[in-house]
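> Taken in sequence, the protein lines are chains X and S.
Going left to right, the first sequence walks through residues 1 to 289 as this note's numbering numbers them.
Going left to right, the second sequence walks through residues 1001 to 1285 as this note's numbering numbers them.
Keep in mind that the hints were calculated from the coordinates and are not lab data.
Computed from a predicted model, the values in this text were never measured in an experiment.
Heads up, the beta-carbon is just placed ideally off N, CA and C, and yes, glycines get one too.
Mixed in with the good hints there might be a few duds.
Straight-line Cα separation of at most 25 Å, BS3-like style, residue types lysine-lysine; simulated pairs [as the list claims (entries may be wrong)]: (1) LYS184(X) / LYS85(X); (2) LYS1013(S) / LYS85(X); (3) LYS1227(S) / LYS1279(S); (4) LYS1260(S) / LYS1279(S); (5) LYS1238(S) / LYS1279(S); (6) LYS85(X) / LYS1132(S); (7) LYS1279(S) / LYS184(X); (8) LYS1248(S) / LYS1260(S); (9) LYS1248(S) / LYS1238(S).
With the C-beta cut set under 10 Å, the calculated list includes, among others, these residues of chain X facing chain S [to be verified]: (10) ARG10; (11) ASP86; (12) LYS93; (13) GLN155; (14) GLU202.
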Amino acid sequence: MNTNTWLIRREFWENRAIWMIPAVFGALLILAALFGQVSIPKLTSPLEMHEAAGAFQVIVGVMFFVVMSVYSTWYLLDCLYADRKDRSILFWKSLPISDAKTVLSKLLVGMVLVPLVYFAAADATALIAAFILSIRARASIGSALWQPDVWWQIQVLWVYSIVTTALWYLPIAGWLMLVSAWAKRAVMLWAVLPPLVLYILERVFFGTHIIGNVFARRMAGWPWAAFNGANHVWTEGSGVVDNNGVPVTVWHLINPSGFFTSAETWIGAAVGIALIVAAIQLRIRRTEI
Amino acid sequence: MAPLIEARDLTKKYGAHVALDRANLNVEAGRIVGLIGPNGAGKTSALRAILGLTHYEGHLTVLGREPFRDRTALMNDCCFIADVAVLPSWLRVDQAIEFVAGVHPRFRRDRATAFLAKTQISGKRRMRELSKGMKTQVHLALTMAIDAKLLVLDEPTLGLDILARRAFYDALVNDYMDETRTILITTHQVEEVENLLTDIIFIDKGRIVLDTSLEDVATRFAAVAVKADRLDAARAEKPFYERQILGKVVLYFESVDAGKLAAFGELHTPSVSDLFVAKLSGGAA
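Just chain X, same shape as in the assembly (with noise of 0.2 Å):
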């Protein structure tokens, strides 16, 4: 193994809420299918039963998204201040590892990693809870919730989720790291008040909300920037339908072509890049707090 993949490791060893976290959120989840009431309506045709699969998959994997986001917030806002605190940078820079490898393999773990474990759970979940609520509510829907190929289209999901909330959460993971790197105390007064004093001012002083809309759209802009959510409409019969009456896919609702040529998503990865420049360079110069 080389020295990038035991720097993984190592995140995994210090952080084991990474799959702790998940875990407990998957099994609470699964007790609530097994002792939850159960009130489903009766699924009939195939298409009910196609998209009662994908919904429920797709609902679990939300649930999931949305503990993840917290986590891996948290995660990037502490991972080069922690052992700041502690003093064991002392440690780790008494290897020979360099610190822009460090800060790399802590971003790939907040961004790429913890999404990837986050997305297993998801799935590890709802197949059990699907299990569970296909014997508890057999009268009514079976073994409706196991669709093999709505599952494999929510792996596809996933990964293209993976790949483009990467991409265009790059800037806030950078600007989280470089205020991880750079803090001596309260990371999270310092991650969120410069971007809050910046909005009041622009607001205060020009009246416009320029900044306050950039932010807004980087923080809650990624389903619209990464989906093709238009025109699709449901349709009593046929389920959710496009404009040509064909039914709905996975590779109808993602944009890649979209996401990947526009301006907003590679200014934002650019921006993203110079602040982990900026962490680096931080992290090289600064040692304890």
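Chain X is already provided as a structure; the job is to place chain S on it using the hints.
Showing chain S alone in chain X's frame:
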């Protein structure tokens, strides 16, 4: 052979505060060098510069490299213990060994495990569960298993009890040190290390006050317990420090002929601690 560490006009400023003020020092291979100074003298700043942890002004090479630019490569040949309390609290002993074995090309795992086998420390323990003395042993096991040319220790025994301190230095001298290695130790507790050092560097207020080998100390410095009637004559030879103990006056001389001094009273070579006090109380005479 070029010195292992060579600093010329090494300067480090924190805002208006000058932590290192055009310091010059040389460390030769195969020596055990004590960098000794009172708190806040610039010891840690000097070490941070040598280890590539901080930016500095002036010329500095360590093992032929510029530390700040080449820290990663430097750490292949140089290792350091900056206070043993810095092992991360969540790390398990076996993980620490695995990790260092994985990332350090010169780490010899068998040596680390052999060293730890002599202790009572189980591999499954986390650092937070270990006493400070045990952590020291883990850190030493990790460090001594690295075939490094230079070992830097920054106040390594701070906060340890006397037993753990003694064990630390014994292991260092008996199990680690040989002619291929060089050790640089900073401390403000001179008594603790003076028996193992081959060289001493005194630092005060960011400046190097003295940089010498212990062999040279004997020829260069002398302390004389001066007889009362010879005091004025002795003072005329310009001692750099004067001290009264139990009614006797002891004068400290640098580079004054021993034959001449013997006439004033009983002559001896000052210990490192005495020399330290004498040098740093400077201008007292």
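> Taking the hints in turn, state whether each one holds.
Verification of the supplied hints:
1. LYS184(X) / LYS85(X): With Cα atoms ~8 Å apart, LYS184(X) and LYS85(X) stay inside 25 Å; holds.
2. LYS1013(S) / LYS85(X): holds, 23 Å
3. LYS1227(S) / LYS1279(S): Roughly 23 Å separates the two Cα atoms, so the pair holds.
4. LYS1260(S) / LYS1279(S): With Cα atoms ~22 Å apart, LYS1260(S) and LYS1279(S) stay inside 25 Å; holds.
5. LYS1238(S) / LYS1279(S): Roughly 14 Å between the alpha carbons, so the hint for LYS1238(S) and LYS1279(S) holds.
6. LYS85(X) / LYS1132(S): This hinted pair holds, its Cα atoms lying about 18 Å apart.
7. LYS1279(S) / LYS184(X): Violated, at about 37 Å.
8. LYS1248(S) / LYS1260(S): holds, 19 Å
9. LYS1248(S) / LYS1238(S): Distance of about 18 Å is within 25 Å: holds.
10. ARG10: holds, 6 Å
11. ASP86: Hint on ASP86(X): holds, closest Cβ of chain S at ~7 Å, below 10 Å.
12. LYS93: OK, holds: LYS93(X) within 10 Å of chain S, min 6 Å.
13. GLN155: Where the cut-off is 10 Å and the nearest Cβ of chain S is about 32 Å from GLN155(X), the hint is violated.
14. GLU202: violated, 32 Å
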